[in-house]
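Novice: Sequence:
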Amino acid sequence: MRKIKEISADTLTPISVYLRLSGQNKVILESIPRENDQSRFSILAVNPVKTVKFADGILSVDDQVIATDEPLKVLEDLVVEAGENADETELDLPFVSGAIGYAGFDTYGIVEKIQPELVDSIGTPDIYFMLYENAVIFDHKREKLILIEDNVYSKRSEEELLTALSEKIATLSVLTEAEKSVPPLEKLTFKSNMSQIDFEEKVARAQELIKNGDMFQIVLSQRLTADFNQDPFAYYRQLRVENPSSYMYFLEFDDFHVIGSSPERLVAVHGNQVSTNPIAGTRKRGANEFEDQALIEELENDQKELAEHKMLVDLGRNDLGKISKYGSIEVPVFMKVEKYRYVMHITSEVTGELRPEFSAMDALVATLPAGTLSGAPKHRAYQRIYEFENEKRGIYGGAIGYLTKNGNCDFAIAIRTMVLKNQKAHVQAGAGIVFDSVPEQEYQETLNKARGLLEIGK
6 MRKIKEISAD
16 TLTPISVYLR
26 LSGQNKVILE
36 SIPRENDQSR
46 FSILAVNPVK
56 TVKFADGILS
66 VDDQVIATDE
76 PLKVLEDLVV
86 EAGENADETE
96 LDLPFVSGAI
106 GYAGFDTYGI
116 VEKIQPELVD
126 SIGTPDIYFM
136 LYENAVIFDH
146 KREKLILIED
156 NVYSKRSEEE
166 LLTALSEKIA
176 TLSVLTEAEK
186 SVPPLEKLTF
196 KSNMSQIDFE
206 EKVARAQELI
216 KNGDMFQIVL
226 SQRLTADFNQ
236 DPFAYYRQLR
246 VENPSSYMYF
256 LEFDDFHVIG
266 SSPERLVAVH
276 GNQVSTNPIA
286 GTRKRGANEF
296 EDQALIEELE
306 NDQKELAEHK
316 MLVDLGRNDL
326 GKISKYGSIE
336 VPVFMKVEKY
346 RYVMHITSEV
356 TGELRPEFSA
366 MDALVATLPA
376 GTLSGAPKHR
386 AYQRIYEFEN
396 EKRGIYGGAI
406 GYLTKNGNCD
416 FAIAIRTMVL
426 KNQKAHVQAG
436 AGIVFDSVPE
446 QEYQETLNKA
456 RGLLEIGK
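According to our numbering, the sequence shown is numbered sequentially starting from 6.
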């Protein structure tokens with residue numbers, strides 16, 4: 006059973022709605038306006054009915070421990086199978102009810118049974134999703150706000166659904182003090198977990214492995230950490246203004262927050278259509294349009310960057326080929342330069358038609374981690390990464406997004422992302438290393454990628 010109310014949103018914004026919603030574990034998923042439906046909707050949700058966590062080899066659903074070595078399968082069963090008998094009235098919305106959260110970089114190690122002993126200095130679960138049966142959806146195209154209350158997981162009565170809907174409408178009509186101004190933010194002072202010399206030495210060592218045929222590419226990263234004693238949502242508000250991107254998100258978990266502005270889709274499934282969007286090849290933005298154009302031309306003629314991008318497009322084709330119908334793989338967008346606030350990237354899109362025996366979770370497993378965050382061949386690069394990086398990556402390089410009760414999904418790669426926990430802010434950024442990489446340039450690329458998060462505040 007589902008209850009829906011549509012109201013005008015011409016005087017509201019996703020930020021004002023977020024601030025007015027009351028409850029726990031609020032989340033917001035947004036996108037910058039672009040000439041496609043990807044940016045048409047913003048998704049907000051609050052008060053999940055269940056939480057699913059996988060940490061230290063243990064899966065817990067709320068307070069119940071479940072013995073399994075397939076946590077994503079359990080999640081899918083909870084989200085999708087529970088929704089099989091639900092009201093499936095067709096709605097032109099990306100999300101009605103389902104799970105929102107993340108699968109971290111080491112989900113691949115869990116699936117492949119590769120789990121090296123590593124320091125986990127942040128301490129977030131490997132996988133963490135929250136199941137929501139309520140949502141507030143912004144339809145920016147129609148300037149409408151769609152309020153949804155469902156009972157797919159809790160089996161609430163019709164009266165309870167109507168009451169919840171009425172209470173939410175009343176809440177959204179009240180202006181909050183937080184809407185009137187953004188709290189001032191102090192610029193954070195970050196410290197890396199390695200020196201520039203250390204990073205460049207790792208690049209040189211990786212290049213020796215590549216030259217010896219061990220792999221073609223590996224993505225090495227550094228983590229930057231700062232003290233954080235500010236309002237997490239105020240930080241997100243500033244980030245979405247200063248560095249908007251294709252995927253913007255603010256997720257409030259029980260004891261930490263995740264803030265991000267990722268330019269790269271890992272995987273999306275809608276019906277039987279599956280897609281991934283590899284990004285590889287980077288330049289900083291110029292000071293003006295003339296410099297931008299010169300840098301674009303330089304990027305488009307950089308044989309190292311072009312070869313790396315083509316290799317990762319091939320890896321994306323291979324990933325989707327595992328789960329797609331034979332002959333359905335296409336590359337509708339190939340090597341297009343997209344501009345962001347501080348950097349520009351070469352981007353492509355790979356699509357396929359999902360085979361009937363595979364699901365959205367299979368698509369996530371097939372593509373995680375992205376080749377742009379691991380390397381090629383993916384399995385070998387993953388094994389080698391932790392010989393260079395002595396700490397678990399955690400959320401960085403994983404997937405952030407949603408799985409709906411209808412079996413659709415949309416996940417961004419967890420890059421340009423900040424994890425806030427225990428009064429610390431953590432940002433991680435990497436660079437793809439190939440045989441002709443210049444170590445100093447690769448180090449600088451990691452800083453350019455992280456800059457959008459590092460520059461917030463005054």
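Since the hints were made in silico from the structure, they are not lab data.
Computed from a predicted model, the values in this text were never measured in an experiment.
Just so it is clear, CB atoms sit at the ideal spot from N, CA and C, and this is done for glycine as well.
Honestly, I wouldn't trust all of these hints.
Once the Cα atoms are required to be at most 30 Å apart in a straight line, the calculated DSBU-like pairs of lysine-lysine come out as [what the hints assert, rightly or not]:
#1 Lys31 to Lys463
#2 Lys55 to Lys463
#3 Lys341 to Lys309
Between beta-carbon pairs, the in silico distance windows are [to be verified]:
#4 Glu122 to Asp260: 42 to 50 Å
#5 Glu305 to Ser65: 42 to 50 Å
#6 Asp259 to Asn234: 45 to 53 Å
#7 Val70 to Pro361: 30 to 38 Å
Novice: Please go over all the hints and tell whether each is borne out by the structure.
Specialist: For each hint, the structure was consulted:
1. Lys31 to Lys463: holds (27 Å)
2. Lys55 to Lys463: Violated - the C-alpha atoms of Lys463 and Lys55 are around 39 Å apart, more than 30 Å.
3. Lys341 to Lys309: holds (16 Å)
4. Glu122 to Asp260: 42 to 50 Å: violated (24 Å)
5. Glu305 to Ser65: 42 to 50 Å: Hint holds: Cβ distance 49 Å, inside 42 to 50 Å.
6. Asp259 to Asn234: 45 to 53 Å: violated (19 Å)
7. Val70 to Pro361: 30 to 38 Å: holds (33 Å)
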